[in-house]
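Undergrad: What follows is each chain in one-letter form.
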Amino acid sequence: DAGVIQSPRHEVTEMGQEVTLRCKPISGHNSLFWYRQTMMRGLELLIYFNNNVPIDDSGMPEDRFSAKMPNASFSTLKIQPSEPRDSAVYFCASRQDRLGASQPQHFGDGTRLSIL
Amino acid sequence: AQSVTQLGSHVSVSEGALVLLRCNYSSSVPPYLFWYVQYPNQGLQLLLKYTSAATLVKGINGFEAEFKKSETSFHLTKPSAHMSDAAEYFCAVSDQDNFNKFYFGSGTKLNVKP
Chain A
56 DAGVIQSPRH
66 EVTEMGQEVT
76 LRCKPISGHN
86 SLFWYRQTMM
96 RGLELLIYFN
106 NNVPIDDSGM
116 PEDRFSAKMP
126 NASFSTLKIQ
136 PSEPRDSAVY
146 FCASRQDRLG
156 ASQPQHFGDG
166 TRLSIL
Chain B
2 AQSVTQLGSH
12 VSVSEGALVL
22 LRCNYSSSVP
32 PYLFWYVQYP
42 NQGLQLLLKY
52 TSAATLVKGI
62 NGFEAEFKKS
72 ETSFHLTKPS
82 AHMSDAAEYF
92 CAVSDQDNFN
102 KFYFGSGTKL
112 NVKP
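Protein chains in written order, with this note's numbering: chain A, 56 to 171; chain B, 2 to 115.
Chain B extracted, bound-state conformation:
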């Protein structure tokens, strides 16, 4: 089975600062990777996905993520945080034998300070 590790359950940044949320996966082959965002009292919304077409993936709201096979990482970044980015972020990987089955990280709550 796959696993996903998100380092840091809480990350706090100032408005305008760089956002870096970390995700590492366990897989012997390049998987399909996803980042989701969850705002309070809402479901998970897709931010971006990695499909092997390009290692740098751009998503919505100015977020992007870089796939690094050598580090088995898929970290999420945004150059300049906005107050509206405060939410919980989840990294997910699909099972290499069953693409319907996703494994989610434990989530990182992003706090943006004014």
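If we strip away everything but chain A, and leave its shape as in the complex, we get:
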């Protein structure tokens, strides 16, 4: 089975540019999570969706960040305008919560973002 698919794997762009990260969750999973990982702050939950609806966006750093999930098989995380401090690895994860509370989250391989 295909896992969580993220694109691009690497993104290098200049400060001020718009950045869009993409995620395809595992088919049948109904919860989707966006995380950011940095050396200083570790793994941070930015936002998560359940059945395509944003449930908790308290981790989104500021208004420059936005996330959408237009359907069950696709989500985007957008940064506009980007800043050097946004440089990090961004992970998408998905989960099937209908199978019970013990279901794990499944992670993609991440997008390594560098803002110059």
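Mixed in with the good hints, there may be bad ones.
Here's a subset of chain B near chain A, in silico, CB distances under 10 Å, partners left out [stated by the list, open to error]:
no. : residue
1   : Tyr26
2   : Gln39
3   : Asn42
4   : Leu45
5   : Gln46
6   : Thr52
7   : Ala54
8   : Asn99
9   : Phe100
10  : Asn101
11  : Ser107
12  : Gly108
Treat the hints as calculated values from the structure; they're not laboratory data. Since the model is a prediction, treat every value here as computed from it, not as a measurement. We treat Cβ as the ideally placed atom computed from N, Cα and C, and that holds for glycine.
For chain A, the structure is supplied; the task is to place chain B on it using the hints.
TA: Just chain B now, with coordinates in the frame of chain A:
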């Protein structure tokens, strides 16, 4: 909110030696607990999970973890380290009110010396 503490940001062992990575959680009720491994330039992969069926949980790659309620711990062990075990390991606990929300520890980087 839950919290997870991983003692030791870096652990170094010799190949063939015992691996012990520590994880303590804060919870008033037995939670669902997970160990993940992250290899360089990859995402987190599930090693094992505790679901209250048994206190000793076996995972992939020869790892296991023991749930101890009295110590609020879920330490990860492997009897004999292999060079391929070098990676970062994360302990996670699910929120008792919202099982979708996971709290991750800060991670422990395991170095295996030849």
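Undergrad: Can we keep the B/Leu45 interface hint, with Cβ of chain A closer than 10 Å?
TA: Since the shortest Cβ distance to chain A is 4 Å, the answer is holds.
Undergrad: Is the interface hint for B/Ser107 satisfied, with its Cβ closer than 10 Å to some Cβ of chain A?
TA: It holds, given that the least Cβ distance between B/Ser107 and chain A is near 5 Å, below 10 Å.
Undergrad: Holds or violated: the hint that B/Gly108 contacts chain A, with Cβ atoms closer than 10 Å.
TA: 6 Å, holds
Undergrad: Against chain A, run the beta carbon of B/Thr52 and see if the smallest gap drops under 10 Å.
TA: 4 Å, holds
Undergrad: Can you verify the interface hint for B/Asn99: is its Cβ closer than 10 Å to any Cβ in chain A?
TA: 8 Å, holds
Undergrad: Are B/Phe100 and chain A close enough, Cβ to Cβ, to be under 10 Å, as the hint says?
TA: 4 Å, holds
Undergrad: With a cut-off of 10 Å, does the beta carbon of B/Asn42 approach a beta carbon of chain A closely enough for the hint to hold?
TA: Cβ of B/Asn42 sits 8 Å from chain A, so the hint holds.
Undergrad: Would you check whether B/Asn101 satisfies its interface hint, that is, whether its CB is within less than 10 Å of any CB in chain A?
TA: Where the cut-off is 10 Å and the nearest Cβ of chain A is about 5 Å from B/Asn101, the hint holds.
Undergrad: With a cut-off of 10 Å, does the beta carbon of B/Gln46 approach a beta carbon of chain A closely enough for the hint to hold?
TA: 7 Å, holds
Undergrad: Given B/Gln39 was flagged as interface, is its beta-carbon under 10 Å from a beta-carbon of chain A?
TA: Nearest chain A Cβ about 8 Å off; hint holds.
Undergrad: Quick one, is the B/Ala54 hint okay against chain A at 10 Å, beta carbons?
TA: With a closest approach of 9 Å, the B/Ala54 hint holds.
Undergrad: Mind checking the CB of B/Tyr26 against every CB in chain A and telling me if the closest is under 10 Å?
TA: 15 Å, violated
Violated hint for the displayed structure: number 1, the only one.
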